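Single-letter residue listing:
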Amino acid sequence: MRHLKLLRIGPLGFRIGSHWRGPIAALDDLYRDYPAPLDGIADFNVHLFAARPWRRVLRPSVHIAGDFVIPDAAPLPLAQGLLAAEMGMNLQVALGLRRYLLLHAAMVERGGRAVLMTGISGAGKSTLAALLMARGWRLMGDEFALIDCATGLAYAFPRLVSLKNEAIDVVAQALPQARFGPLLEGTPKGAIRHLVPDARAIAAMEQPAEPSLILFPRFGFEPAERPVLPSEAFVRLTQASTNYVTLAERGFEALTRLVQAVPSRAIDYPDAATALAMVEALA
Amino acid sequence: MFYRAADPATLRIVPLDALTLVYHRASGITHIVDAPVPEILDILGEGPRDVAGLLAVLSDRFDLADPDSAALAVRLDELVAAGLVERTCAI
Numbered sequence: 394m395r396h397l398k399l400l401r402i403g404p405l406g407f408r409i410g411s412h413w414r415g416p417i418a419a420l421d422d423l424y425r426d427y428p429a430p431l432d433g434i435a436d437f438n439v440h441l442f443a444a445r446p447w448r449r450v451l452r453p454s455v456h457i458a459g460d461f462v463i464p465d466a467a468p469l470p471l472a473q474g475l476l477a478a479e480m481g482m483n484l485q486v487a488l489g490l491r492r493y494l495l496l497h498a499a500m501v502e503r504g505g506r507a508v509l510m511t512g513i514s515g516a517g518k519s520t521l522a523a524l525l526m527a528r529g530w531r532l533m534g535d536e537f538a539l540i541d542c543a544t545g546l547a548y549a550f551p552r553l554v555s556l557k558n559e560a561i562d563v564v565a566q567a568l569p570q571a572r573f574g575p576l577l578e579g580t581p582k583g584a585i586r587h588l589v590p591d592a593r594a595i596a597a598m599e600q601p602a603e604p605s606l607i608l609f610p611r612f613g614f615e616p617a618e619r620p621v622l623p624s625e626a627f628v629r630l631t632q633a634s635t636n637y638v639t640l641a642e643r644g645f646e647a648l649t650r651l652v653q654a655v656p657s658r659a660i661d662y663p664d665a666a667t668a669l670a671m672v673e674a675l676a
Numbered sequence: 322m323f324y325r326a327a328d329p330a331t332l333r334i335v336p337l338d339a340l341t342l343v344y345h346r347a348s349g350i351t352h353i354v355d356a357p358v359p360e361i362l363d364i365l366g367e368g369p370r371d372v373a374g375l376l377a378v379l380s381d382r383f384d385l386a387d388p389d390s391a392a393l394a395v396r397l398d399e400l401v402a403a404g405l406v407e408r409t410c411a412i
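Quick mapping for you: the protein sequence lines, in order, are chains A and B.
Be aware that the first sequence starts at 394, since it is given in this note's numbering, and climbs by one per residue.
Be aware that the second sequence starts at 322, since it is given in this note's numbering, and climbs by one per residue.
Looking at chain A on its own, in the form it has when it is part of the complex (with noise of 0.2 Å):
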């Protein structure tokens, strides 16, 4: 493809290859300070392409693909390239990483220890973890947690951190200083807007961390707490998880270690402010 950006996040490389030129300008600006694949070699490739000619210029829209895809994948309009550039990123991931177990997390760390948050979209996880950011934790990610299978080390994958509408504002004023991406409006998901890691997340991308806590924070209700039993942490990080079911045994086995070894909490919260309270006071 004639527009082309290397990258790696964490432990993950990649090779984004586009028809056009501003996806790629974005990224390159956005991940400016991030190295380029281990030896050069990408583990995933991301392609967004025209699906005819004339769509390069003519309203163009940008379909992604790559070495895995989800054949009902809707194209986005061209202004929102670098939604599409990191939603490819994500898909790869998501469908095809062998090396780790992948938990649908945010995490940050701190002391060498690490806290996971799960929970379906909309409960706060990139809010929670851009402001633990903006408190001195290290951002591991605000997307994917990789547990390494042999050890059980949480791998770091601070990718961009995507906010979403009320979010936008919260975490710009928390950190005023932080270099954000363009303001993305209309996308399926509302307005979203890109936070670049703090260049700690990104120095220590390659550290991994003992996790210590597992999070199901739940936006929108009253402050609640309560412990989760193994059992339920299980079964609600299988159903968070993308390659549980093809890493067989040896995702079993991880999965088991982690409930086993690390306590799980339930927290809900009205705003940001309790919940990181509330981190705060179980970390």
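Possibly wrong hints are sitting among the right ones.
[As the list claims (entries may be wrong)] Label-pair ranges, simulated between beta-carbon atoms: (1) A/Ala429 to B/Val395: 58 to 64 Å; (2) A/Gln653 to B/Glu360: 18 to 24 Å; (3) A/Gln632 to B/Glu360: 24 to 30 Å; (4) B/Val401 to A/Glu673: 48 to 54 Å; (5) A/Glu673 to B/Asp389: 49 to 55 Å; (6) A/Pro470 to B/Gly349: 37 to 43 Å; (7) A/Pro620 to B/Asp384: 26 to 32 Å; (8) A/Ile434 to B/Met322: 55 to 61 Å; (9) B/Pro329 to A/Glu603: 49 to 55 Å; (10) A/Lys582 to B/Ala373: 39 to 45 Å; (11) A/Thr639 to B/Pro336: 23 to 29 Å; (12) B/Ala330 to A/Val462: 36 to 42 Å; (13) A/Glu603 to B/Glu367: 37 to 43 Å; (14) A/Ser514 to B/Arg346: 29 to 35 Å.
It should be emphasised that the hints constitute simulated quantities derived from the structure, not laboratory data.
These numbers were taken from a predicted model, which means no experiment stands behind them.
Beta carbons: idealized from backbone N, C-alpha and C, even for Gly.
Given the structure of chain A, go ahead and fit chain B onto it with the hints provided.
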């Protein structure tokens, strides 16, 4: 009709809390089971038994309040369908 547990080499059983995880290597499926399934697998791992024989051992070991052979037969059919228990004709 006698029943026996699947070959122990095909099962990875991890008790968690109230529930027990059973990874079935032959199918790659994870089963999350409640009592008395782990106990049934345990007893049928010792040797084949019919429903009446299994119920007698369960009653003896676990002080069952309401032994129900029809309900146990249904549970056994489910376990056979899952591959965790096998039917066998003779001891």
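Checklist entry - Looking back at the hints listed earlier, which ones does the structure fail to meet? => result Violated hints: 9, 10; rest satisfied.
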